[in-house]
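Position chains B and C relative to chain A; hints supplied.
Spelled out, the chains give:
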Amino acid sequence: MEFSLEQLAGILGGTIDGDPSLKVQRLDKIQEGQPGGIAFLANEKYENFFYKTEATAVIVSADFIPSKPYTTALIRVKDPYTSFTTLLEAYQQLHQASLVGIEQPSYMDESSSMGELGYRGAFSYIGKNCILGEGVKIHAHTFIGDRVKIGDGTVIHPGAKICSDTQVGKQCVIHSGAVLGADGFGFAPQEDGSYKTIPQIGNVILEDQVSIGANSTIDRATMGSTLLCKGVKIDNQVHIAHNVVVGAHTAIAAQTGIAGSTTIGAYCIIAGKASIVGHLKIADHTTIGGNTGVTKSIKKSGQTLFGFLAMDLKDFLRSYSIFKNLDDLQKRIQQLEKKG
Amino acid sequence: MEFSLEQLAGILGGTIDGDPSLKVQRLDKIQEGQPGGIAFLANEKYENFFYKTEATAVIVSADFIPSKPYTTALIRVKDPYTSFTTLLEAYQQLHQASLVGIEQPSYMDESSSMGELGYRGAFSYIGKNCILGEGVKIHAHTFIGDRVKIGDGTVIHPGAKICSDTQVGKQCVIHSGAVLGADGFGFAPQEDGSYKTIPQIGNVILEDQVSIGANSTIDRATMGSTLLCKGVKIDNQVHIAHNVVVGAHTAIAAQTGIAGSTTIGAYCIIAGKASIVGHLKIADHTTIGGNTGVTKSIKKSGQTLFGFLAMDLKDFLRSYSIFKNLDDLQKRIQQLEKKG
Amino acid sequence: MEFSLEQLAGILGGTIDGDPSLKVQRLDKIQEGQPGGIAFLANEKYENFFYKTEATAVIVSADFIPSKPYTTALIRVKDPYTSFTTLLEAYQQLHQASLVGIEQPSYMDESSSMGELGYRGAFSYIGKNCILGEGVKIHAHTFIGDRVKIGDGTVIHPGAKICSDTQVGKQCVIHSGAVLGADGFGFAPQEDGSYKTIPQIGNVILEDQVSIGANSTIDRATMGSTLLCKGVKIDNQVHIAHNVVVGAHTAIAAQTGIAGSTTIGAYCIIAGKASIVGHLKIADHTTIGGNTGVTKSIKKSGQTLFGFLAMDLKDFLRSYSIFKNLDDLQKRIQQLEKKG
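Residue numbers (the numbering used here), protein chains in the order written: chain A, 460 to 799; chain B, 460 to 799; chain C, 460 to 799.
Okay, chain A solo, but in the shape it has when bound (with noise of 0.2 Å):
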């Protein structure tokens, strides 16, 4: 794909300084710049790489005033980051529309169905009684059990994994090998210190706009669903156990736990690798940092949690900062104790 800087300035609805004609095929970092690259300052942290930059173009603000010769042309814009932002999105945009139709082999059950627009790439799986919407994308080694619903726009990246009855919304992206609907971890002991297995037979839903980072697991529930709820978006490597609830725009970064049939309220913030045990509440609008274990409900909304077991941000802050001179505090009590 290649565009003319005059192209670009329509778009974008901005002027140009210098020659119109110039081709561009590439969004680069002003401080990589190459030929046939575009580029953005937004920031003045960045104008030293402006002067240097070897990009075709540099998308610039309105006002902008250059101090120092430079070689590159420019696109001068209200808002140089929103505009790079626009290319950015036109981009995948452009990407993702141009995967359409069914690369061969591949493997899909006659009695389910695929939408209009939509992708299916080499040894993409879909078992019986699926129904996937239009202009979903299901990239190459994509597995997809039997009764899975899939909404319009959603994008299955390679090797994801969407076991029976799950039922994803419109607009999700779930990256490379994610796994959906895997057994939740269930077995009841027996008086011999074994175990036996509870059958897991309920499912996993996504809502619509929901992203799963790749090699994440979402268990289906024993009974019920395990659920994602609207724009919820997940990271890598995250474990969400099943019956876990996850409310509306929720974010939770990578390697994070949450064990079984713990509800996370909307609007959270969880940092990498915490960790939440099952069957509590999380309040809407809670945080919790990294590394944080969670082992009681939180039922005050708003609060930001953190530690080794969670307590609240500042106070563990300053014990944590008594706890690294502990030997100090131990030695004035024996100084105490010696005066005693």
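FYI, nobody ran anything at the bench for these hints, they're computed from the structure. Accuracy of the hints is not assured; some may be wrong.
It does not matter which identical chain is used: a pair holds within one copy or between any two.
As the list claims (entries may be wrong) - Here are the computed lysine-lysine pairs in the BS3-like style, where the Cα-Cα straight-line distance is at most 30 Å:
#1 Lys790 with Lys755
#2 Lys773 with Lys758
#3 Lys608 with Lys482
#4 Lys689 with Lys482
#5 Lys527 with Lys511
#6 Lys798 with Lys783
#7 Lys790 with Lys504
#8 Lys608 with Lys504
Since we're looking at a predicted model, the values are computed, not measured.
This is chains B and C only, laid out in the frame that chain A set:
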């Protein structure tokens, strides 16, 4: 699959209040019961849901006396929870048993063999000199390397990878995306600071009734075997390094990691995100809490350990409750110093 | 593959005690030696096993004098461990070299090319405009997106996913289920509390001799590149976020996570389950302990850090030993208060 209440009451040895010819196709939670479903009531806490449920039938205790009007049929049994579990298991067994045959395209080297009543999904791969037992189910996208043995009744879910020389026992379950037999992380530091790869030529052995969760990784031994004994249950995203041994009927929750050459005893319970360093021995019947870091061998069986560095659970909680108020402790010392 | 002791003694520059025509097919541990295997004895601790081993031959030191009867043949060499490692490497090289050709069905776009002596397993997928070097081994179920470059001698294990625009150097090893080049976790918060996806158009670059463990995820950069320099060794289930740079010959153990835009120095050692927040710089030769949380840049090289929030290892252990007895400390303060 559809059953009449008469058939189900026959299986469960129960009696029917209502129309024996009513049909159910589904197992429901009582709070989410819908027409066509059968639910159960075993816990008084859920009795309110009983009066509202739309399930076609509910399994209740033989002596249950409703205190309000209700609309569902009843199957009265001695122990509703056990009866429901019986139905759950029957449901899963019927489902698994129905998977027989070979979908195409699939790949199996001619030197390998597959037992009766087995299943191989499309795009499954089986290398050289493999022996698959009776009723083994190899789902789509499964990879099985060379010289792999898989015992009767084992199920390998979509996209699991069983690398060369792995031995899997009978009635094991390997979930999607699990990797058995990748190389152990073995590198010899060189004088120039670089690393030389130490070839990993051992294998992975799973005894009977072992379960491995989605996206878990069990590395092959450097030499000899990484060994998971009978009945071991492993959750999602667990990492078991080279030459680890896990004793019989030990359960390990999600995202736990066990470093190389450590031996875990039998009947242990290891909660989520625990980590155990290499070359340790952990006694039988040890309980290790979530997020706990174990850096020393555990010789005495039956202990419960917890903490950033593992210690007795109660001791940790006592220390942590003081840690939470360390600021207060510091102030009390300051007071004493002033007085002094 | 079968070798006579005469052949092996020739390769190793050793001498034989026993029948030079004896054949071995396998490398064994001395404590598990069986007929047809060759073991080694380098450490006195294992000498007892020597007298019991059933291995066909044992590699021993030139000056080794047995003190009891034994049944195995000997190959006497200068350094038994080094000799055994030589055999291990020869074994693996022979094994890899024997994998040549294309299994069917497999998929490669006609615009892509594959070097000589390469291997592509069944169900492997190679997208558009890819260039694969000489002797590249692409195992079954591997996904390779568009415009991917892979250097000579690199091995991609079953079911790894190398997404579009990734560049992989020479002699790299990518283990099963690893995902290179999934989208970075980039979302812009909107005024209504929802998130807008920030397109991720950068890539992943691996220099030569990089190893990536099973089910690890290396995200593509938002723009520019996520970069793993020469000789970096990464264990299983490690997460490397967008725009991270890892310096040459740094080793990272299992389940560690590194957040976006952090730069790790060269020759670092990072133990298992460590976590490093985003936008930091970690000096060369830094050692980071297991489970350690790093939240600040490390400027001085050669430090060893440990703890829930990283601090000097010795300082942490000193503080933690007092933490274990905080109850005692509190009681001593109470005593002092009573006296006062």
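Verification of the supplied hints:
Taking CA atoms no more than 30 Å apart as the test, Lys790 paired with Lys755 passes between copies only; the shortest distance there is 28 Å, against 35 Å inside one copy. In this assembly of identical chains, Lys773 and Lys758 lie within 30 Å of each other by CA distance both inside one copy and across copies; the values are 19 Å within and 26 Å between. In this homomeric assembly, Lys608 and Lys482 come within 30 Å of each other (Cα to Cα) only across copies, at 26 Å, whereas the closest approach inside a single copy is 42 Å. Taking the shortest alpha-carbon separations for Lys689 and Lys482, neither the intra-copy value of 40 Å nor the inter-copy value of 35 Å comes in at or below 30 Å.
When the C-alpha separation of Lys527 and Lys511 is checked against a cutoff of 30 Å, the pair qualifies only within one copy, where the shortest distance is 10 Å, while the shortest distance between copies is 76 Å. In this homomeric assembly, Lys798 and Lys783 come within 30 Å of each other (Cα to Cα) both inside a single copy, at 25 Å, and across copies, at 26 Å. Taking the shortest Cα distances, Lys790 and Lys504 never come within 30 Å of each other, neither inside one copy (47 Å) nor across copies (44 Å). Taking identical chains as interchangeable, the C-alpha atoms of Lys608 and Lys504 are never at most 30 Å apart, the minima being 47 Å within one chain and 34 Å between chains.
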